[in-house]
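Chemist: Chains S and C supply the protein sequences, listed in that same order.
Residue 237 is where the first sequence starts when you use my numbering, and the numbers rise one by one after that.
Residue 237 is where the second sequence starts when you use my numbering, and the numbers rise one by one after that.
Accuracy of the hints is not assured; some may be wrong.
[Stated by the list, open to error] Derived CB-CB ranges, DEER-like: (1) S:Q242 <-> C:A440: 27 to 37 Å; (2) S:G356 <-> C:G378: 49 to 59 Å; (3) C:A452 <-> S:A444: 25 to 35 Å; (4) C:P292 <-> S:A338: 32 to 42 Å; (5) S:G376 <-> C:T420: 46 to 56 Å; (6) C:G247 <-> S:G293: 49 to 59 Å; (7) S:G293 <-> C:A450: 25 to 35 Å.
[As the list claims (entries may be wrong)] Not close to chain S: a few residues of chain C, all C-beta gaps over 10 Å, as computed: (8) T249; (9) E250; (10) G260; (11) L456; (12) N459; (13) P460.
[What the hints assert, rightly or not] Chain S is faced by these chain C residues, among others (derived, beta-carbon under 7 Å): (14) A335; (15) H457; (16) T471.
These are computed hints drawn from the structure, not numbers from a lab.
The beta carbon of each residue, even a glycine, is placed where N, CA and C say it ideally should be.
There are 2 protein chains.
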Amino acid sequence: MRFTSQTSSNGVTEQLFTLDETLGEIPGVLWTPEDAPGARPLILMGHGGGQHKKAPGILARAHQFVAEGGFAVAAIDAPNHGERPKSEEFGRIATEIRASVAAGEDAAALVVAMHDLGAGQAVAEWQAVLTAIQQLDHVGAGPVGYWGMSMGCGLGVPFVAAEPRVRAAVLGLLGATALAETATRITVPVRFLLQWDDERVPRAEGLALFDAFASAEKTLHANPGKHGDLPRFETDSSLRFFARHLG
Amino acid sequence: MRFTSQTSSNGVTEQLFTLDETLGEIPGVLWTPEDAPGARPLILMGHGGGQHKKAPGILARAHQFVAEGGFAVAAIDAPNHGERPKSEEFGRIATEIRASVAAGEDAAALVVAMHDLGAGQAVAEWQAVLTAIQQLDHVGAGPVGYWGMSMGCGLGVPFVAAEPRVRAAVLGLLGATALAETATRITVPVRFLLQWDDERVPRAEGLALFDAFASAEKTLHANPGKHGDLPRFETDSSLRFFARHLG
């Protein structure tokens, strides 16, 4: 793990890093409380499709989690996203999804295809990144949470199912297609966020994914609005959820 | 409004009262922070069917809301409940509901009939109680919230729809039957609690009631478990919801 830059603002230190894996370089970012040495719980954040490790929603949530909760937060560019090379197949599917959404058609199958392209690789990458970050003195091998919406949920479900170090997860904005069986292997506490008027994820599909988790503690939070309209107070609520389970 | 007793424990003062209305005496209870004069937001709590104003769930939530949130909390015995006389018709329906649940049958229609028995009267009673309580120096005419599950939701939906002084409501554990149209007249922020494996309220009915509220801000919280298994952390969450909207 090579750190390539370090800056601080409003009490939050941001370190950009690169992790060299056999599958290529993974560009990532780690946020921690400024001048606060020692171990702390870590939240891994998976960004949405078409976004990247420092997309506005990721950046804002990461800062809040660090500043208000004292967590460490890490994000990486998912395969085919951000600074990473895009495969031809990914480009083709992304174009089809945009056309499908613009035409008001159901893009669910295409979205699943896009997530499938990166899923296997993403699990291995998150595991490698987690191992590397837990060796840092200012993070340590404490409890780990995962937060990911939409594609961050699509890649997160297989990761959380496979990774015993993850003890709690906030997932959402995605349906059961291609994920329901994997979701039945998740037993840690889950918070699942659903947008009641999601134009990309049919309501019944979202409810079915919530239904599939095997977790004894799982809570569905549904709010009015479209795919991108997640209310701000759900971030406060996610922070308290992680504090309760990882604190 | 006549106060008949006053006790304090753990910083919470409990005052039993009776309000004389044309329809009869309404027995109630008011909880406020001990030795804390001045106005404060008020939460009205509607108990469930077969319960009463000091049922364990009401008492525990009221104490927490007062001690942690500084709220005033009031509860009254609903028509046919607690210290109030029971009508013959009410007794007949209650017996039928118990038999129906014991036989594993759908008691939804009977539950609706029970709520209908008390609904019109309950709205007028809550309004009279609210007016009386807001004249007290240690409560005042500040913002008002309503909390009610199951029958407390069945009587609460028409009350919240009719009463502009109520600015936020936590409702749940009930379905759309006979309530959906009234729910479309509710526009204040609503938190709606649904038990995913509710043996009394079909899941689709609960989702349909959440769907019916006209509120721009409404959030569904669904958790695994049966009608009586509402998780403890939802009380913490309700407290923060009221603090955000009434504080």
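Chemist: Could you run down the list of hints and mark each one as holding or not?
Modeler: Each hint, compared with the structure:
1. S:Q242 <-> C:A440: 27 to 37 Å: 52 Å, violated
2. S:G356 <-> C:G378: 49 to 59 Å: 56 Å, holds
3. C:A452 <-> S:A444: 25 to 35 Å: 27 Å, holds
4. C:P292 <-> S:A338: 32 to 42 Å: 55 Å, violated
5. S:G376 <-> C:T420: 46 to 56 Å: 52 Å, holds
6. C:G247 <-> S:G293: 49 to 59 Å: Between C:G247 and S:G293, where Cβ atoms are some 41 Å apart, the hint is violated.
7. S:G293 <-> C:A450: 25 to 35 Å: 28 Å, holds
8. T249: C:T249 clear of chain S: closest Cβ-Cβ about 29 Å, beyond 10 Å.
9. E250: The claim holds: C:E250 sits with its nearest Cβ about 29 Å from chain S, beyond 10 Å.
10. G260: 40 Å, holds
11. L456: 4 Å, violated
12. N459: 5 Å, violated
13. P460: Its Cβ does come within 10 Å of chain S, the nearest being 6 Å, so this is violated.
14. A335: Hint violated; C:A335 Cβ to chain S Cβ min 31 Å, cut 7 Å.
15. H457: Holds. Min distance 6 Å.
16. T471: 13 Å, violated
Of the numbered hints given earlier, the model fails hints 1, 4, 6, 11, 12, 13, 14 and 16; all others are met.
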